[in-house]
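A.B. asks: Protein sequences appear in the order of chains S and W.
For what it's worth, our numbering labels the leading residue of the first sequence as 1, then goes sequentially.
For what it's worth, our numbering labels the leading residue of the second sequence as 1, then goes sequentially.
Since the hints were derived computationally from the structure, they do not count as laboratory data.
Among the clues, some could well be false.
Same chains, same names: a pair is fine if it fits in one copy or spans any two.
Taking lysine-lysine pairs in the DSS-like style, the calculated list, with each CA pair at most 30 Å apart, reads [to be verified]:
hint, residue 1, residue 2
1, Lys10, Lys246
2, Lys252, Lys69
3, Lys253, Lys72
4, Lys294, Lys246
2 protein chains.
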Amino acid sequence: MDIKAGLLKKDKRAAARLISMMENGESEAVQIIKECYGMTGHARIIGITGAPGVGKSTVTDKLAKQLRKEGKQIGIIAVDPTSPFTGGAILGDRVRMTDLNTDPGVFIRSMGTRGALGGLSKAVHGAVKILDIFGMDYIFIETVGVGQSEIDIVKLADTVIMVMVPGLGDDIQAIKAGIMEIGDIFAVNKSDRDGADRTAAEIEAMLDFNRSEEYRPPVLNIIARDNGGIEELIRLVEEHWEYENKSGSYKKKKSNRLKAEVMDIFRDSIMRTVHSMSENTNIINELIQKVMDKQLDPYSAADRLMDEFTENQRHKF
Amino acid sequence: MDIKAGLLKKDKRAAARLISMMENGESEAVQIIKECYGMTGHARIIGITGAPGVGKSTVTDKLAKQLRKEGKQIGIIAVDPTSPFTGGAILGDRVRMTDLNTDPGVFIRSMGTRGALGGLSKAVHGAVKILDIFGMDYIFIETVGVGQSEIDIVKLADTVIMVMVPGLGDDIQAIKAGIMEIGDIFAVNKSDRDGADRTAAEIEAMLDFNRSEEYRPPVLNIIARDNGGIEELIRLVEEHWEYENKSGSYKKKKSNRLKAEVMDIFRDSIMRTVHSMSENTNIINELIQKVMDKQLDPYSAADRLMDEFTENQRHKF
Chain S
1 MDIKAGLLKK DKRAAARLIS MMENGESEAV QIIKECYGMT GHARIIGITG APGVGKSTVT
61 DKLAKQLRKE GKQIGIIAVD PTSPFTGGAI LGDRVRMTDL NTDPGVFIRS MGTRGALGGL
121 SKAVHGAVKI LDIFGMDYIF IETVGVGQSE IDIVKLADTV IMVMVPGLGD DIQAIKAGIM
181 EIGDIFAVNK SDRDGADRTA AEIEAMLDFN RSEEYRPPVL NIIARDNGGI EELIRLVEEH
241 WEYENKSGSY KKKKSNRLKA EVMDIFRDSI MRTVHSMSEN TNIINELIQK VMDKQLDPYS
301 AADRLMDEFT ENQRHKF
Chain W
1 MDIKAGLLKK DKRAAARLIS MMENGESEAV QIIKECYGMT GHARIIGITG APGVGKSTVT
61 DKLAKQLRKE GKQIGIIAVD PTSPFTGGAI LGDRVRMTDL NTDPGVFIRS MGTRGALGGL
121 SKAVHGAVKI LDIFGMDYIF IETVGVGQSE IDIVKLADTV IMVMVPGLGD DIQAIKAGIM
181 EIGDIFAVNK SDRDGADRTA AEIEAMLDFN RSEEYRPPVL NIIARDNGGI EELIRLVEEH
241 WEYENKSGSY KKKKSNRLKA EVMDIFRDSI MRTVHSMSEN TNIINELIQK VMDKQLDPYS
301 AADRLMDEFT ENQRHKF
C-alpha cells in the first residue's frame, strides 16, 4: 500500500497505518508528514480532559455526532498514557464501534504508551497532523487529566474542555492549579445529579482565584448522555475560537506550541542518538578502560563521546 | 592566585577556590582537573548517609579525628541537596570550626544545589577529585539518605556507612530497599538508647531479605558522641576495602562508577548546548516563523537545530 497516496485519497486504513508507523518511530512516517505538512492547519483541535469516570468519552461522542449532523469530518484520538497496551481504550473503542466507528466520516484511534518510541506526546502530535492532512474538520484529543505528559498532550488543542461531575467537592481543591489553568471551557457533566450547581460555583470560585487573563472560561452544566447542553457546548467552543483569533492569543499560543514541539523533537532526536551510543558498549568500554588506566580523565572521555556524537550526526546528512 | 600550583602545594584556599569554580561550571576548573587527573586514585572515599538527626556529622567528625591520630589527611564534603544555599550545612561548619576545621590536616566543605551548574552530582564528583589530587588520604561524603540525587552521590564512595538510630521501628520498613542496598556497613548510633539491639536485629532481618551477594554488611552498635565503637567502625571499613579488592568487586564497581560519570558529563554537556541554543531566540524564532508560514515543518525545523548543534560542537574543537 502506498501510504502517502492512500492518505491523500482519504483512505482510513492508510491513516491508521501511518499513525502506527509514527508510534513505532519509523522515519518514513516522519518523511510523509514532512512532505504533506503544507496541508495541515485546517482542522480544529479540541482537547477533552477530566478525571476518570466523568464521562469524557460520552461528551466526545455526543459532540462528534452533533458535528457530523453539520457534515463535519471528525477524528478522535483517545489517549491513555497509563496504559502500556491501550487496553482500556481498546475496550472503549469496541463500545463505540457500534455507532460512531461505522460512520465513514469518523476516525477513532486509541493511543497508549505501547511502542510509542520517542514518547507518546510525539506520537500524538504526529497523529493529529496525519488526521489534519487527511482532511478532518475537527480532531478530538481525549485524555485523563492527570500528570505532566497529559498536560503536554492537551496543550496541543486549540480549545480544551475540562469535564467535571457534581460532588467532586474537595477533589476540585485537590486538582492542581496547573490543570485548572489548561481548561478553556468547564463542563459539569451529569448535572442532573445533586450538587451540580455547587460544583459549578466551586469552579467559578477557582476561576476567580486563578485566572488573571482577559478571557474567562465559561462553566456549563451538561448531561452528555441525554445530549443536554451539547449544542451549547459547541457554541462555546466557537466563541472561544473567535476570541482567540480576535485577541491574537491564538497566534501566540500556536507559536509557543510549535516551539515546544520543535524543541521536543530536537531533544528526543539527541537523546535517541545518546541512547544508541550508550548501547555501543565497544566504544564506551574502550574509553572507560582508558580512564581506569589513567590514560584519560572522565571529562576528556565525555569529550570523545561528543566527537563521536557529532561524527554520527554528520554522517546522517 | 595560580590555582593549579596552589593545589599542588597543598594550599587549602586553592582547593576551596577550585571547588567553587567547579560549582560555577567554569571550564578552567575542569581543565585543571584534567591536567592533574593522573594524581587521583590515592584517596579512600567513604560515604556517610542516613536520615536527618541520626548523627551523621558526629560519626564523620569522630572517624576523622581518629584517622587524624594516625596521621591521615582528611577531606570532608557535607552535601545537602535540599538546600539551595547550603544554609544548614554552613551552620554545621560553624559548629565544627572550633575543633576540626582549625586542624591543618582537615578540609571541610559544604555543598548545596546553589549555583551547582550541571548538577550537584557533577560538582561533588569534581570536589572529590580535587581533594584526591590535593593529597587527602580519606574523603568523607556526608549526605542525608533520601532521594535519587543523594543515592547517586553516595555511589561515589568506596565504602558507604549507613547510620541509623534505635527506635526507628517502622521507619526501617519505610526505607526503600534501594537505599538499604547502598549500605556497606550499618552503624546503629546512640546505641545507649532503648531498642538499639532491636534496631540492629531489624537491620539484620532486612539484610537477610534483601542481600544476595557474597558480602554481608556488618551491623555495629556505636555511640559516636562518646567515641564508642569508632575504632571498630574504622576496622570494618578496612575489612570492607580488603574484601572489595580481593573479590575484584572494587574494580567492577569503579568501572561502573566511571561509566556513569562519563555518561553524566556527556549528557550534561549536550543538555547545556541545547539549553544555550534554546536561549538563542533569534535562531529559534526564525525557525518557528518559517513553520508558522508552512515554509518548514516541525521535524525539519528540529533537523536544522541539530545541524546548528553539530556546527556549534565542531567550532569548539
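A.B. asks: Next step is simple, just say for each hint if it's right about the structure.
C.D. replies: A quick look at each hint next to the structure:
no.	hint	verdict
1	Lys10 <-> Lys246	neither (32 Å within a copy, 68 Å between copies)
2	Lys252 <-> Lys69	neither (32 Å within a copy, 67 Å between copies)
3	Lys253 <-> Lys72	within (25 Å within a copy, 62 Å between copies)
4	Lys294 <-> Lys246	between (65 Å within a copy, 21 Å between copies)
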